[in-house]
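Engineer: One-letter residues, chain by chain:
Number of protein chains: 2
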Amino acid sequence: MTQAGTSAPTLALVGATGAVGSVMIDILNERSAWPWGEVRLIASPRSAGKRIRVRGEELTVQALAPEVFDGVAVAMFDVPDEVSAHWAPIAAARGAIVVDNSGAFRMDPDVPLVVAEVNRDQIAEPPRGIIANPNCTTLSMMAALGALHGAFTLRELVVASYQAASGAGQSGVDQLYAELAAVAGKQVGVRGGDVREALAAAGLSVSDSLFGAPLVLNVIPAAGSYKQDGWFSEELKVRNESRKILGIPDLKVSATCVRVPVITTHSLAVHAVFAEPVTVAAAHEILSAQPSIVLVDDPAQGRYPMPADTVGADPTYVGRVRQALDFPNTLDFFVCGDNLRKGAALNTYEIAEALAG
Amino acid sequence: MTQAGTSAPTLALVGATGAVGSVMIDILNERSAWPWGEVRLIASPRSAGKRIRVRGEELTVQALAPEVFDGVAVAMFDVPDEVSAHWAPIAAARGAIVVDNSGAFRMDPDVPLVVAEVNRDQIAEPPRGIIANPNCTTLSMMAALGALHGAFTLRELVVASYQAASGAGQSGVDQLYAELAAVAGKQVGVRGGDVREALAAAGLSVSDSLFGAPLVLNVIPAAGSYKQDGWFSEELKVRNESRKILGIPDLKVSATCVRVPVITTHSLAVHAVFAEPVTVAAAHEILSAQPSIVLVDDPAQGRYPMPADTVGADPTYVGRVRQALDFPNTLDFFVCGDNLRKGAALNTYEIAEALAG
Chain B
21 MTQAGTSAPT LALVGATGAV GSVMIDILNE RSAWPWGEVR LIASPRSAGK RIRVRGEELT
81 VQALAPEVFD GVAVAMFDVP DEVSAHWAPI AAARGAIVVD NSGAFRMDPD VPLVVAEVNR
141 DQIAEPPRGI IANPNCTTLS MMAALGALHG AFTLRELVVA SYQAASGAGQ SGVDQLYAEL
201 AAVAGKQVGV RGGDVREALA AAGLSVSDSL FGAPLVLNVI PAAGSYKQDG WFSEELKVRN
261 ESRKILGIPD LKVSATCVRV PVITTHSLAV HAVFAEPVTV AAAHEILSAQ PSIVLVDDPA
321 QGRYPMPADT VGADPTYVGR VRQALDFPNT LDFFVCGDNL RKGAALNTYE IAEALAG
Chain S
21 MTQAGTSAPT LALVGATGAV GSVMIDILNE RSAWPWGEVR LIASPRSAGK RIRVRGEELT
81 VQALAPEVFD GVAVAMFDVP DEVSAHWAPI AAARGAIVVD NSGAFRMDPD VPLVVAEVNR
141 DQIAEPPRGI IANPNCTTLS MMAALGALHG AFTLRELVVA SYQAASGAGQ SGVDQLYAEL
201 AAVAGKQVGV RGGDVREALA AAGLSVSDSL FGAPLVLNVI PAAGSYKQDG WFSEELKVRN
261 ESRKILGIPD LKVSATCVRV PVITTHSLAV HAVFAEPVTV AAAHEILSAQ PSIVLVDDPA
321 QGRYPMPADT VGADPTYVGR VRQALDFPNT LDFFVCGDNL RKGAALNTYE IAEALAG
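Chains as they are written, first to last, in the numbering used here: chain B, 21 to 377; chain S, 21 to 377.
One chain only, chain B, in its complex shape (with noise of 0.2 Å):
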């Protein structure tokens, strides 16, 4: 997107100062290439002025108005759905192209749905000047589903989640802590033992919560907000954006999205059904050719993948591949991601580091 002969392009993270804005200067401090000039950082009125050290240099966070967008080649936002709905065409209207990691936009038909793996080539010259990232959960699979689906066409997806706490941000990683250490030691979970009076005894309250429930020793089938029919928006997201990431509209999808005592990493549970026949074999191949997979498939080993092996990582982590006993031309398989790498920074990142090159 830079012209030759010009200086290299500015590029600024919006939300620099949040959990998946932190994640973003790590990744900004371990890259190796660096096509950058100026880095900019913007966040609230209420952030502005916080210094944090990008590459060596100490940067100044800088409040979000208009004018910070001015020479922008490549604005990231990592900011609420409302935030971005408002500030991201503002920045597109001073010139920059943004990479939008909210749900703001996701299903704007003028918008690319992008990722890296999948559908990097929609990247160029978006109609709106924004490009969307995907939901997390989504985001998880969407490597894998587009390898297995270059070679056997996908025509169905049943899907249930394990998704981490830090899915809801810093402070649903601060609920989970706080609950643990309220229940350690305790014999709770158990008949006699309720969570929510073992809670309730240390103070803490979980029906004002970010959860509505207890997320320690439970598991919650909720994610998101809830919309209608019985579905919740978390639900609805890796029904639409999945189709839309991979080019299926009539892809035929069901979630079941659950939160999880994990603090990081979302896992899912995948069967795929496709149109041609497949073999472990054949996906183990397609798998493990992805530079972005790491294909962990030695079951009677104990090894698959786990959010305890997962956290801090790149790549997704796919396993317990195997063929459907009953159903045909279908695989079940396991998957892990960073929800806060790979599920958001990174591939609003990669994105950003596509548009500059």
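Each hint should be verified, as a subset may be incorrect.
Unchecked claim - Using 16 Å as the maximum straight-line C-alpha spacing, the simulated EDC-like pairs for lysine to aspartate or glutamate come out as follows:
| no. | chain 1 | residue 1 | chain 2 | residue 2 |
| --- | --- | --- | --- | --- |
| 1 | S | Lys272 | S | Glu176 |
| 2 | B | Lys206 | S | Glu176 |
| 3 | S | Lys206 | S | Asp194 |
| 4 | S | Lys272 | B | Asp346 |
| 5 | B | Lys272 | S | Asp346 |
| 6 | S | Lys247 | B | Asp318 |
| 7 | B | Lys247 | S | Glu176 |
| 8 | S | Lys206 | B | Asp194 |
| 9 | B | Lys206 | B | Glu217 |
| 10 | B | Lys272 | B | Glu176 |
The set of hints was computed from the structure by calculation and includes no laboratory data.
With chain B's structure known, arrange chain S on it following the hints.
Structural biologist: This is chain S only, laid out in the frame that chain B set:
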């Protein structure tokens, strides 16, 4: 099974001192109807001599031996597979009807596999004198699926489980409590806070643990033992036992069984395809009419089944019932059942009680 005019039948409990056995003692103590005369508590020689109070009377645990079954009408077995395989036929040869909670006989064509609400009619005159109780994961969804199958004719099942530590016995519970204590108050499960390192620092070995990996702040996509072609025993049990209990030999099933950091209660995300058209309203009506099911399904108000609200309770809890958006005749739902009660001890006892007449 008792003859008119004889005294009340004798009930034996083999494995009286184990994790499920102690839940069974609770059930014996709480039951209002009481058809039994003598109760015999039986365990390994190591536990013989222990005294346990049953319905106001202190009973001495007897060591497992052929003669302890003389005069026993019904013997409930809650012991490992190999113990059942050896001793259940001995008890049956001495005249007892055995209700066995192990995996030793479940797929034997001469042994009925019974869920009290679904196929209680099969308990009469079992050919080998043995009736099997299903695996706790399968059992958690059987009351709901049996009722829905009766109305809509089940064809396909895709299931993902969220299984509790206690499904692996008391040592699984102890392991998870120890892991919880080891990580409480620490910033783990995040980048730079490795769960494995935190457990190792607390002197906890996970490679040697029952789960072979951390369970706290993690999910483990493996339950039971590894079989073949990528499948674990628990996943094959869900398939094979569901087919046998529901009497649908060609039922299509794919299951992914995952251990989660919950002490008690197995949860399942179920995608069920039927032959007949379905509606949520009809499903609600059918499920509400089952005495052993509690429908908890007001997601807009945060009401859905969760382990935290299920522990220690007899019913299975069903919610998140919705019509699949893209699959005809299909319901997605979420179910929770206390794996130690309905999933094991309670169903065994319900069969025993039905045998008592």
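Engineer: Work down the list of hints and note, for each, if the structure agrees.
Structural biologist: Right, here's what the structure says about each hint:
no., hint, verdict
1, S:Lys272 x S:Glu176, "5 Å, holds"
2, B:Lys206 x S:Glu176, "41 Å, violated"
3, S:Lys206 x S:Asp194, "20 Å, violated"
4, S:Lys272 x B:Asp346, "5 Å, holds"
5, B:Lys272 x S:Asp346, "5 Å, holds"
6, S:Lys247 x B:Asp318, "12 Å, holds"
7, B:Lys247 x S:Glu176, "27 Å, violated"
8, S:Lys206 x B:Asp194, "11 Å, holds"
9, B:Lys206 x B:Glu217, "12 Å, holds"
10, B:Lys272 x B:Glu176, "5 Å, holds"
Violated hints, in rising order: 2, 3 and 7; the structure is consistent with all others.
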